[in-house]
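There are 6 protein chains.
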Amino acid sequence: MPILEIHLLQGRTVEKKRMLTSELTKTICRCLEVRPEQVRIIIDEMEHSNFAISGKLISDSSTVKQDQ
Amino acid sequence: MPILEIHLLQGRTVEKKRMLTSELTKTICRCLEVRPEQVRIIIDEMEHSNFAISGKLISDSSTVKQDQ
Amino acid sequence: MPILEIHLLQGRTVEKKRMLTSELTKTICRCLEVRPEQVRIIIDEMEHSNFAISGKLISDSSTVKQDQ
Amino acid sequence: MPILEIHLLQGRTVEKKRMLTSELTKTICRCLEVRPEQVRIIIDEMEHSNFAISGKLISDSSTVKQDQ
Amino acid sequence: MPILEIHLLQGRTVEKKRMLTSELTKTICRCLEVRPEQVRIIIDEMEHSNFAISGKLISDSSTVKQDQ
Amino acid sequence: MPILEIHLLQGRTVEKKRMLTSELTKTICRCLEVRPEQVRIIIDEMEHSNFAISGKLISDSSTVKQDQ
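Same order as they appear, the protein sequences are chains A, B, C, D, E and F. Using this note's numbering, read the first sequence as starting at 139 and increasing by one per residue. Using this note's numbering, read the second sequence as starting at 139 and increasing by one per residue. Using this note's numbering, read the third sequence as starting at 139 and increasing by one per residue. Using this note's numbering, read the fourth sequence as starting at 139 and increasing by one per residue. Using this note's numbering, read the fifth sequence as starting at 139 and increasing by one per residue. Using this note's numbering, read the sixth sequence as starting at 139 and increasing by one per residue.
These are computed hints drawn from the structure, not numbers from a lab. Fair warning: there could be bad hints in the mix.
The list cannot tell twin chains apart, which means a pair is met if one copy fits it or any two copies do.
Here are the simulated EDC-like cross-link-like pairs (lysine to aspartate or glutamate), alpha carbons at most 20 Å apart as the crow flies [stated by the list, open to error]:
| hint | residue 1 | residue 2 |
| --- | --- | --- |
| 1 | Lys164 | Glu185 |
| 2 | Lys164 | Glu175 |
| 3 | Lys164 | Asp198 |
| 4 | Lys194 | Glu153 |
| 5 | Lys154 | Asp198 |
| 6 | Lys154 | Glu171 |
| 7 | Lys194 | Glu183 |
All chains, full assembly: derive it from the sequences and hints.
This is the structure in C-alpha cells:
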C-alpha cells in the first residue's frame, strides 16, 4: 500500500531509475513489513529551471547543480 | 473547492482526458454537493520509466503495462 | 494503476467518503478502461485554517466556507 | 525546511520563474522566520490539456485560458 | 489558477498562516499576473516525527528543529 | 536535493519511522550519488478511512487492512 513520490532533477538514466525503484522498494518492504506488490513509486523529474533552493533556480546555480 | 490530482501513465488522447475530467467533476459534485466551478483537476502524466510497481519500472514490465 | 489524490475541507462523514471513493473508482474505470483493483485513492482532509482562496483562509471566510 | 510545490500552466519564461521563486522565498522567510537556504520550491508546469476547471480542460476553454 | 502546496512543520498559529497565505497570494499575483481569486493555497502541517533531513527525524534533532 | 513523499496508513511507531527515513536516505544516497544532507523525506500518514483500493476504504476492508 505505500505510495512513494520522489522529486529528482532531470537527467538520470533508465538504469539508474531501475536500480533506484528496485532498491527503494526493498527498503520499504524490509522497514514496513509489506510485500513488493503493495509498493508503488512515482518519479517526478524536474527541469533545472523548475527547482529552486535559497530562492535560486538550479539552472542559475553552478554549485548547487553539482550537488543535485 | 476540491482539488484533485490524478497520476496516469502517459499516452491518453485529449478526448480521453476531456471525458475523464468532465466525468470526475460530475462525480465529485454529486457526492460532495459542490458546484462544478469549485472543482479543479490536475492530470500528471507519467512516462513508463517513471512509475514502478513491485520495484519494477512499467517500461520493463510487459504484463503490468497492458494493465496500466 | 491510476493514483488519485483529492484535497477536501475537513468534515465529511465516513459514509460520504465511502460513496465518493466508490463512485470515483467507477468513473475512472469507465473512462480509462482499467480495473477497480488498479485504482488507489488518497483523501487529504484539510482543516479550515489550512486552505486559502484569494489569499483568505477558509476559516476566516463565511461565504467561501458554505461553498467548500 | 518549508517545501513549496506550485502548479502552473505551461509557458512562463525562465525570467518569470526566476523572479517567482526568488520572491516566494523572500515572502516565506519573512512570514515564517526561516532562512533562504531552508526553502525549496518545486514548479510543476501543466500542459493546457492537463488541467481542468469546472470539468473543462483549459485547452478547450478560451476564457479560462486568458485568466490562467 | 495557480495551486500552491506548502509543507511546514506543525505549530504555526492561525495568525501566521493568515499572514503567510495572504502574502504568498500577493507575491503570486504580482509575479504571474493573475488575480487573487485564481490562487489556491494548501498548507500541509507535518508532525516533527513525520519529516526527516539527512535521514534524521526532526523530532530527534535539536539543531534542525530550531531551524525548522 | 531529492525530496521524497511517502503515503502510509496511520499507526507506525516513531521507531519504525526513524528506521524507515534513515534507511530510505541511505538507499537514495547510494543509488543517486547524493549526500544525506541533500535528502528530505515527508511522511504522510493516512487514516484508514482516507485511503481506498478498488473503490473500498481500508477501514471497510479486513483483508486489505492486514496487508496495509
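So, going through the hints one by one against the coordinates:
For the homomeric pair Lys164 and Glu185, neither the shortest alpha-carbon distance inside one copy (28 Å) nor that between copies (22 Å) is at most 20 Å. Taking the shortest Cα distances, Lys164 and Glu175 sit within 20 Å of each other inside one copy (11 Å), while across copies they are farther apart (22 Å). Taking identical chains as interchangeable, the C-alpha atoms of Lys164 and Asp198 lie at most 20 Å apart only when they sit on different chains, with a minimum of 17 Å there against 36 Å within one chain. Proximity of Lys194 and Glu153 under a CA criterion of 20 Å is satisfied inter-copy only: 11 Å between copies versus 30 Å inside one chain copy.
In this assembly of identical chains, Lys154 and Asp198 lie within 20 Å of each other by CA distance solely across copies; the values are 13 Å between and 25 Å within a copy. Within a single copy, Lys154 and Glu171 get their C-alpha atoms only as close as 25 Å, which misses the 20 Å cut-off; across copies the closest is 10 Å, which meets it. For the homomeric pair Lys194 and Glu183, the shortest alpha-carbon distances inside one copy (18 Å) and between copies (18 Å) are both at most 20 Å.
Comparing the model with each numbered hint stated earlier shows that hint 1 is the single one that does not hold.
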